[in-house]
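**Student:** Listed here are the chains, written in short residue letters.
Number of protein chains: 2
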Amino acid sequence: MTYELYYWDGIPGRGEFVRLALEQAGADYVDVARTDGGMARMMAMMKNKTAGVAPLAPPFLRDGEFLVSHAANILLYLGNRLGLAPEDEAGRITAHGLQLTITDFVAEIHDTHHPIGVSLYYEDQKDEALRRAENFLEERLPKFLGYFERQLTKNSHRQVHALGGTLTYVDLSLFHLVEGLRYAFPGAMTAAEPDYPLLVALNAQVSHLPRIKAYLASERRLAFNEQGIFRHYPELDRS
Amino acid sequence: MTYELYYWDGIPGRGEFVRLALEQAGADYVDVARTDGGMARMMAMMKNKTAGVAPLAPPFLRDGEFLVSHAANILLYLGNRLGLAPEDEAGRITAHGLQLTITDFVAEIHDTHHPIGVSLYYEDQKDEALRRAENFLEERLPKFLGYFERQLTKNSHRQVHALGGTLTYVDLSLFHLVEGLRYAFPGAMTAAEPDYPLLVALNAQVSHLPRIKAYLASERRLAFNEQGIFRHYPELDRS
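Protein sequence lines, in the order shown, are assigned to chains A and B. Residue numbers for the first sequence follow our numbering, beginning at 1460 and rising by one. Residue numbers for the second sequence follow our numbering, beginning at 1460 and rising by one.
So here's chain A without its partners, still in its complex pose:
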C-alpha cells in the first residue's frame, strides 16, 4: 500500500519530519500536494464533509482509508510499521514523548517570526518578532537543545541515538531540527554548537545514512525558505 502524505507544497515545514522517516525506511509514498491536482485534493479533505474525523491542518497521512493528523501522531503510527520506533508500548510512548517535545520546540521556533498571528505578514509583526526571537535565543534555544543533548549523553555509546541502540524517527527529527536552526539562526548556532557536541554528531551521522543522503540530494527535498517554519531573517539572529 502506498502511503499518501498531505502537506503544503513549497516548504519542508512540519511535513519534513514525516518525509525523513518515509525516506529512511524506503517506504512507498506520494507527496500528494506536489502532484497535479494534489493541492485541491488536500484542501477538499480538510473540509470535513465526510464521515470520520477530518484534520484541521496538514500534515496528515492517508493509509488506505485511514487518516492520521499531526506530524508526531503520524510518526507514532508509522514508527513500528517503518522499523523506526521501539516495538514495546513503553518504548513507543517514550519515543512519542520526545517527539512531542520536538513539536513544542518547533511551535516556539515558528513563533519567533509570527508572535502575533499566523494570518499577518512577518513585516506586520516585526517589532514583536525581534523581542520574541531575542527571548527565544537567550532562554528557549538552550533549554531545548540542552534537554536533547542530555538525553543523547545518557543514551549514546558508540553511535549517537536518542533512544536505545538503534535509529528511530526521533533521531531523524533531531537531525532536521539542527538543519533548520542552522538555516534560521546561523550566527546563534555557530556560537551555540560547541555546547551540543552530540546533537552535532547525530546530525552528521544521519546526513551520512545512504537513503537520507540520496534524499537530501534529490528534488524531493525542499529547500528552507521564508515561507516555512525555519526562516532566516538576519535581524532576528545574533551576529
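Any given hint could turn out to be false.
[Unchecked claim] Part of the chain B face toward chain A, derived, beta carbon under 8 Å: (1) Pro1574; (2) Gly1576; (3) Thr1625; (4) Ala1682.
[What the hints assert, rightly or not] Calculated cross-link-like contacts (lysine-lysine; reagent style DSBU-like; alpha-carbon spacing at most 35 Å): (5) Lys1613(A) x Lys1506(B); (6) Lys1613(B) x Lys1672(B); (7) Lys1602(B) x Lys1506(A); (8) Lys1672(B) x Lys1602(A); (9) Lys1585(A) x Lys1602(A); (10) Lys1585(A) x Lys1602(B); (11) Lys1602(B) x Lys1585(B); (12) Lys1672(B) x Lys1602(B); (13) Lys1585(A) x Lys1672(B); (14) Lys1613(B) x Lys1602(A); (15) Lys1613(B) x Lys1506(A); (16) Lys1672(A) x Lys1602(A); (17) Lys1613(A) x Lys1602(A); (18) Lys1602(A) x Lys1506(A); (19) Lys1585(A) x Lys1506(A); (20) Lys1585(B) x Lys1602(A); (21) Lys1585(B) x Lys1506(B); (22) Lys1613(B) x Lys1602(B).
FYI, nobody ran anything at the bench for these hints, they're computed from the structure. All residues carry an ideal CB built from backbone N, CA and C; glycine is no exception.
Keeping the supplied structure of chain A fixed, place chain B upon it in accordance with the hints.
**Tutor:** Relative to chain A, chain B alone:
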C-alpha cells in the same frame, strides 16, 4: 497500582486534562506536587540524572517505574486503561489526533497573554498581548471552535460525543476547554456560544456526570487564576 500525576500546584493548567480522565474513571491517583515534599520530588525527576527519558516539563505521569510526558501522550497511554478511548488502533490514533488539536489550541490560548516569552511577566508583554489576543479572538477562536463543533455535529446523535457513541477523554478535554475560555474571555464567549450549540451541550453533559460533578465540587479541583493557561485579563477580552 496508584498513578502518580506530576503537575504544578496552584493551577488547573495542562494537568487538568489528565485529572478529568482520572476522576471520571474513578482511578486511584495522587496529585504529587500537592502533597508534602511533592514539589521537590517533581523537580528532582526533571533533573534527568536517572536512566531512561526524563520529561522536560510537567505534566507527566508515573505508572510504576514508567514515566509518560505530555498531557496528550498521558491520555493516549491511559485512554484504554481507564475505558475512555476506543480500543482499536485506528480509534486510539484518531482520538489522539483530536487531543493534539486541543493541545495546539491550548498553546495559542496561553500565548494570548505570553506572546513574547514565558519568562517575562504579563505586564512586560502587555502591548503585544493586546495585539495577539485581538487576532486570537478574531481568527483562531472561531477556527478551532468551529472545527470541534463540526466534528460534534457529524458524530453526535442523542448524546453529544466527539468520537463514536460513548464518552472519551476528548469529550472531557472539550468540557474543560469551554470552561477555561469562559473564564478567560467571558465577553467573547457570551457572544460566540450561540454559534457552537453542541460544544455548549457537551460541556453541560460532562458537568452532570456524577463523578465529574463530585470532583468539581471537591478541593481537588483547582480554581482558574492568573497564573495558569486560562487567565482573565479584561483588557484582552471583548466587551
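**Student:** Determine for every hint whether it applies to the structure shown.
**Tutor:** Each hint tested on the structure:
no.	hint	in the structure
1	Pro1574	holds (5 Å)
2	Gly1576	holds (4 Å)
3	Thr1625	violated (15 Å)
4	Ala1682	violated (26 Å)
5	Lys1613(A) x Lys1506(B)	holds (12 Å)
6	Lys1613(B) x Lys1672(B)	holds (27 Å)
7	Lys1602(B) x Lys1506(A)	holds (12 Å)
8	Lys1672(B) x Lys1602(A)	violated (39 Å)
9	Lys1585(A) x Lys1602(A)	holds (24 Å)
10	Lys1585(A) x Lys1602(B)	holds (24 Å)
11	Lys1602(B) x Lys1585(B)	holds (24 Å)
12	Lys1672(B) x Lys1602(B)	holds (30 Å)
13	Lys1585(A) x Lys1672(B)	violated (46 Å)
14	Lys1613(B) x Lys1602(A)	violated (42 Å)
15	Lys1613(B) x Lys1506(A)	holds (12 Å)
16	Lys1672(A) x Lys1602(A)	holds (30 Å)
17	Lys1613(A) x Lys1602(A)	holds (17 Å)
18	Lys1602(A) x Lys1506(A)	violated (38 Å)
19	Lys1585(A) x Lys1506(A)	holds (32 Å)
20	Lys1585(B) x Lys1602(A)	holds (24 Å)
21	Lys1585(B) x Lys1506(B)	holds (32 Å)
22	Lys1613(B) x Lys1602(B)	holds (17 Å)
Of the numbered hints listed earlier, those contradicted by the structure are 3, 4, 8, 13, 14, 18.
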